[in-house]
Amino acid sequence: MKTSYNLLTDEQQELRLMVREFADKEIIPGVKDLDIAGEFPHELYRKAFDMGLTTMTLPEQYGGMGLDIFTYSLLKEEIARGDAGFAGAIAGCFMGSLPALLSGTDYHKNLVAECLNNGGVMAFCLTEPDSGSDSASMRTTYADDGDSYVMNGRKCFISNGGVADLLLVFATKDRSLGNKGISCFLVETKSAGVSVGKHEDKLGYRTSATTDIIFEDCRVPKANLIGAECEGMAIMNRSLNRTRPTAGAGAIGNAQYAYECAVDYAKVRTSFGGKPICKFQGVGFMLADMYTQLEAARQMVWHACRCADAGVVDRKLFSAAKCFAADVGMNVCTNAVQVLGGYGYSREYPVEKRFRDAKIYQIFEGTNQIQRVIINSDICKD
Amino acid sequence: MNILVCVKQVPDTTEIKIDPVTNTLIRSGVPSIVNPFDAYALEIAARIKDVNPDSKIVVLSMGPEQAKAALKECLAVGGNKAYLVSDRVFGGSDTLATSYILSRAIARVEELEGKFDIIFCGKQAIDGDTAQVGPEIAEHLDYPQVTCAVEAVVEENRVRVKQEAEEGFHMIGVKMPCVITVTKPSFEPRYPSVKTKMAANRADIPTLTSADFTIDLTRVGLKGSPTKVVKSFTPPCKSCGVKIQEESDEASALQLCRMLSGAHII
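Those sequence lines, one after another, are chains A and B. Just so it is clear: in the first sequence, position 126 is 126 by the numbering used here, and no numbers are missing. Just so it is clear: in the second sequence, position 170 is 170 by the numbering used here, and no numbers are missing.
The hints are simulated quantities; they were obtained by calculation from the structure and are not laboratory data. Here the structure is a predicted model, which means the values were calculated and not measured. Note that CB positions come from ideal geometry on N, CA and C, so glycine has one too. Just to be clear, a hint being listed does not mean it is correct.
[What the hints assert, rightly or not] List of simulated lysine-lysine pairs, DSSO-like, C-alpha gap at most 30 Å: (1) B/238 - A/267; (2) B/17 - A/267; (3) A/25 - B/175.
[What the hints assert, rightly or not] Some, not all, of what chain B presents toward chain A, calculated at C-beta under 8 Å: (4) 191; (5) 192; (6) 194; (7) 195.
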C-alpha cells in the first residue's frame, strides 16, 4: 500500500527503514525494563553512535553525517517510535551542538565534533528551577576573572544531564539586564566546579537522564564563550529556528507506535459475537481520527522542516507545528489506551508508557502555551 | 584479502505461494530481501575485513534488475563493490546452470577486481533451499570448499573454518583460494550506518550480461538446465500430535505406555 512516505527520495526512504528496523529490533524489545528502571540506555546509545544517529546533524566536514533538518526529523520520528526518551538523548546532542555550529568559531565546532565523534553526549542547559518559559529571569551567573569566566548557579530538568560530556550553557552577566545579559558557553562536564545534581524521577520520558547541573565557581575558558557577551538570546533564537521545526517529530513517532498497537489490538480483539472491535464504529472512528490527526501533524512538521531547510523562517509555523504535534501525540496516545481498555491501562501492554511519554512534548522545548503566545504575537504583528 | 560474496535476492516470507500453472514462485507483491544466509556470509566476510582493514569485499548477484536493491543493501554493510549478472538468456537456469554462469562471471569480475582469495556463499537460499549453488561454484572453479561455516578466520595462507555438524563443530583449515558456504552463526549481521547507507544508495552497480564474459550459451537458461520440475506442491500439514506433560517424567512415561497400549501399538 502506498503512503505519503512514497514521496520521499529513495535515500530518505531507505534511511527511514534502516532506523525503523533498528527501533524494532534494538530499542523496543528492551524499552519496558529501561522505562521501569528509569535508566539511560548506554549500550543503545553506543549502537546508535555506530550507525551515525548521534551525529546526524553534524556537518560532513566535521566528521558528521551532514543530514538536513527534514531528514533528521524523519529519522528522529522513527527513533521516538522506538522510545521517546532515547530520541531525546539524540535530540539533546542536536540542541546542544547547534548553537556552537551556527554561531561558534572553528574552535567551538571542533570541540563539539570531538565530543560527538567519540561517542560523547551533549546537553542543552537553559532551564532553571525558577526560570522556565521566562529565560530572562535566570540566576546562573558568570563573572569575568582574568583569562576565564567564573560560573555559578543551578540548571534543572536537563535532558542528558546525567550523561553529557559537553554542555551548552546559558548564563547571565547581570540579572538586571534581563534577556540582554545572557551569554552562551560550551562547558566540559569534567571541568572543576561542575556537578550533576538530582536525577528527576519522572512520569514518563524515563530513559532520558534528566538531572540538575550545578556550577560552583566553575572556571570556563574565555575561548568557550560562543559569539560575543550578552548575545546569548540571539544565538539561542538562531538555533531554535532550526530545532523547533523538528520538535514535533518525537511526539508523532511516540504516538505512531501507540496507534499501531491500538490498530493491531482492535483487529484481533473480538467482542459481541466474535466481531473484531475495529469493525465497531465506536472504536473504528477512533482509529480513523487517530490516523487523520497523526498524518496532519506529520505533514505539518515535514512542511516546517522543509521551510527551515529552505531558509524560510516562519516562526509561527514552527511553533504551530510543535504545538499541534504535541497535542495530537497526547490525544492519540490517550485514545490508544482507550482502545485497549483495561489492557491499555496495564503495564503489561506498551501503550500506557506511550501515554506517559506523550505528555512531555506539551511541556518541553517551549510549552504549548508559550508556542501559542508566539503564534499569537506573530498573528497580531502581521 | 580479496573476498567475493555471492548473494541472492529472495522473497521475504515463509508463506511463499506457488503458481499452480507454471509451478514457479509468485513473486509479485512480496517484499524482497537479501537471502539471510548470504547476509551472514557477508557479515563473516566483513569480520575478516575488520581484522584486515586493507581487505576488499566484492558482492555478486544474479537476477533481474531489481536485485540491485539487494546489492545496495550489501554495500551498506561491508561490501566495497557490487556486480549484477543479468541477462534474459539466463532466465530459468537451474542450480547447475546458475553455478556455471556465476563461475564464468567470477572469472570476468576477477579481471576487474583481481583474484579472489575467498568466495563466500550462503549455505542455501530460503526460496529454493537446494544448497547446491555454492558447492557447484567450487567444482566449476576447481577450488576446495567448506560448507555450513559459522566462523572463518584468516591465518597466513589458509582459512580456519568452524563448520557446523550434527554432532558438534568441525575445525577445518582450508587453503586459499576456496569457497565457503555459511549457515546461521551465533551473531547477527551488522547494521548499516547513515553514511554507508547513503554511499550505497549512490553507488554505481555494473551489470554483466552474457556479452561481457566468455560463456557457453548451450549450458544456460531453461534449455541448458538438466533439472526438470515435474510438480511443485505444498505438502499437507501433519495433524497435531499429542503432547504428554504429566507432573513427573515417570508419570509421563506411564501415560505414554498407556496410550500406546490402548491404541494396540505396543
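Enumerate the violated hints, using their earlier numbering and listing them in ascending order. 3
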